[in-house]
Amino acid sequence: MTNLDRGSEYGPEEMGKKLHEAVLRFDSFHMKEIDEIRRLIKDGNLPNLTYEQARHCADWTGDALLVDGKSYFMHGKEAAVVLEMAKNLGADAVLKELDEAERKVVEVKKIIENDKAKRSSEQRTDTQVTTTESEDSLSEAATPKLGEKIRDTAKAFFQKAQRQGQEIFERKFDDPVKELKRQFDIVTQEQYAKAAGMELKEYRVIFEPLKARIQEIAEIQKEMPEGHLPFVIVISDELISVEKQMALTEIYVDSGDKKTYRNGYTSLIPEAIKEFKPFNVNVPDEKAYLALDIEIGKDTLNESPDEAIEKIKGLGRSPLTLEEGVALLTHHPEVFNFKDKSSAWMPGSRRGDREIPRIMPQGGGAKLSSGQSTESDRYFGSPSCKSRIAGV
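Residue numbering for the sequence shown follows the working numbering, starting at 12 and increasing by one per position.
Since the hints were derived computationally from the structure, they do not count as laboratory data. Warning: the hint list may mix true and false statements.
Pairwise CB distance ranges (calculated) [said to hold, decoys possible]:
hint	residue 1	residue 2	range
1	K212	R273	28 to 34 angstroms
2	G374	G325	32 to 38 angstroms
3	P295	E230	24 to 30 angstroms
4	P236	A128	23 to 29 angstroms
Computed cross-link-like contacts, BS3-like style, restricted to lysine-lysine with a CA-CA straight-line distance of at most 30 angstroms [what the hints assert, rightly or not]:
hint	residue 1	residue 2
5	K255	K285
6	K324	K233
7	K309	K212
8	K205	K288
9	K222	K352
10	K309	K324
11	K233	K222
12	K309	K352
13	K298	K309
14	K222	K212
15	K285	K189
16	K288	K324
17	K285	K378
18	K298	K233
19	K378	K352
20	K222	K189
21	K378	K205
22	K397	K192
23	K309	K288
24	K378	K233
25	K233	K212
26	K298	K397
27	K288	K378
28	K322	K288
29	K222	K129
30	K205	K233
31	K192	K212
Cβ atoms here follow ideal geometry from the backbone N, Cα and C, with glycine treated the same way.
The task is simple: from the sequences and hints, build the whole structure.
Below, the structure written as structure tokens:
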């Protein structure tokens, strides 16, 4: 067991912050942090990173990178490349990348130092010129040639990291066994069993039949459009009530200096939630099942649920139900984020004629509420799936 596994030295957020500073914040030249990460790798700590630690790192590295006054943004899945390399490719590959990163840092730093020396020399020959520029502001005031060199050096490395991150992200979903295990591990935690009022061993048995569907999942993925998610494990309201499921979800919240995860919640009373029923969709009569080939709602942004349903069904797909929307939040909280205000209707469920459940990032976390089927909002889309299957 490593220090990270025990949590005695570095917690998930601290590790995410260190990796963020060490590998991606080249504008501040965090040489000490790079050395620290190299030490952690050599000590055997990085190859066993947990999902939670990877998630924290992805969030930290989603921050803006400032180089020569210009911002480069790394998406979470791309910015987590170093973490994923540590887990999938081994420590040697990460050390190689850190050596390359350090070389780039030194190269840029030398450019700035040489330019600073040159400028100082020029200023000494001109007694009318004095300077109080700091090293940080020097890059912004440098000649166009220097600025171009800095940008090209930084941009080249970031583009490389993006490509590697994308490849690893895609490889993750190319391995349905690994992704099924990740989701299985989430929904079979002790707190889920307690929410169901069951012993953990008895509770886990409910999900075991889903593993036999791995071949169907693999076949679906071969035909899955780009940008779709392969599947989500869905828990029925019968097994764990929706309000309890929401309380077990987590969404990333960035409130100034404090970055943390908050649990989901609902503004609906339990009786109202129970009144939402599947609407013109066929849902397996099981306590747990799989929704396959998920489109997260981007195709129906700013369309009302009524409008979205027509489009979704025209594509031979099915709108997500309330429980399936909660499953999407559970397994892919990045779909709902405060930065983009990404939100979702679940038109596969209705209460009465027009009331539709919806999930949005609001207040202290992801909020489950409801609205009318004729409402539209630029931040809301209606996710859909291609099919649903139960275990065997």
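These are the hints, each one checked on the structure:
1. K212 to R273: 28 to 34 angstroms: holds (30 angstroms)
2. G374 to G325: 32 to 38 angstroms: Holds, since G374 and G325 (Cβ atoms, about 35 angstroms apart) stay within the stated range.
3. P295 to E230: 24 to 30 angstroms: violated (18 angstroms)
4. P236 to A128: 23 to 29 angstroms: Since P236 and A128 have Cβ atoms about 55 angstroms apart, the given range 23 to 29 angstroms is violated.
5. K255 to K285: holds (13 angstroms)
6. K324 to K233: Measuring from Cα to Cα gives roughly 21 angstroms; hence the hint holds.
7. K309 to K212: violated (38 angstroms)
8. K205 to K288: holds (25 angstroms)
9. K222 to K352: With Cα atoms ~34 angstroms apart, K222 and K352 exceed 30 angstroms; violated.
10. K309 to K324: Holds, because 16 angstroms separates the two Cα atoms, which is no more than 30 angstroms.
11. K233 to K222: Holds, because 18 angstroms separates the two Cα atoms, which is no more than 30 angstroms.
12. K309 to K352: holds (13 angstroms)
13. K298 to K309: holds (29 angstroms)
14. K222 to K212: holds (16 angstroms)
15. K285 to K189: Between K285 and K189 the Cα gap is close to 34 angstroms, so the pair fails against 30 angstroms, i.e. violated.
16. K288 to K324: holds (18 angstroms)
17. K285 to K378: Roughly 17 angstroms between the alpha carbons, so the hint for K285 and K378 holds.
18. K298 to K233: holds (27 angstroms)
19. K378 to K352: At roughly 12 angstroms apart (the allowed maximum being 30 angstroms), K352 and K378 satisfy the hint.
20. K222 to K189: With a Cα-Cα distance of about 11 angstroms, the restraint between K222 and K189 holds, given a limit of 30 angstroms.
21. K378 to K205: holds (22 angstroms)
22. K397 to K192: holds (21 angstroms)
23. K309 to K288: holds (24 angstroms)
24. K378 to K233: Violated. K378 to K233 sits at ~34 angstroms, over the 30 angstroms cutoff.
25. K233 to K212: violated (34 angstroms)
26. K298 to K397: Judged against 30 angstroms, a Cα distance of about 20 angstroms means the pair holds.
27. K288 to K378: holds (19 angstroms)
28. K322 to K288: holds (21 angstroms)
29. K222 to K129: violated (65 angstroms)
30. K205 to K233: Violated - the C-alpha atoms of K233 and K205 are around 37 angstroms apart, more than 30 angstroms.
31. K192 to K212: holds (17 angstroms)
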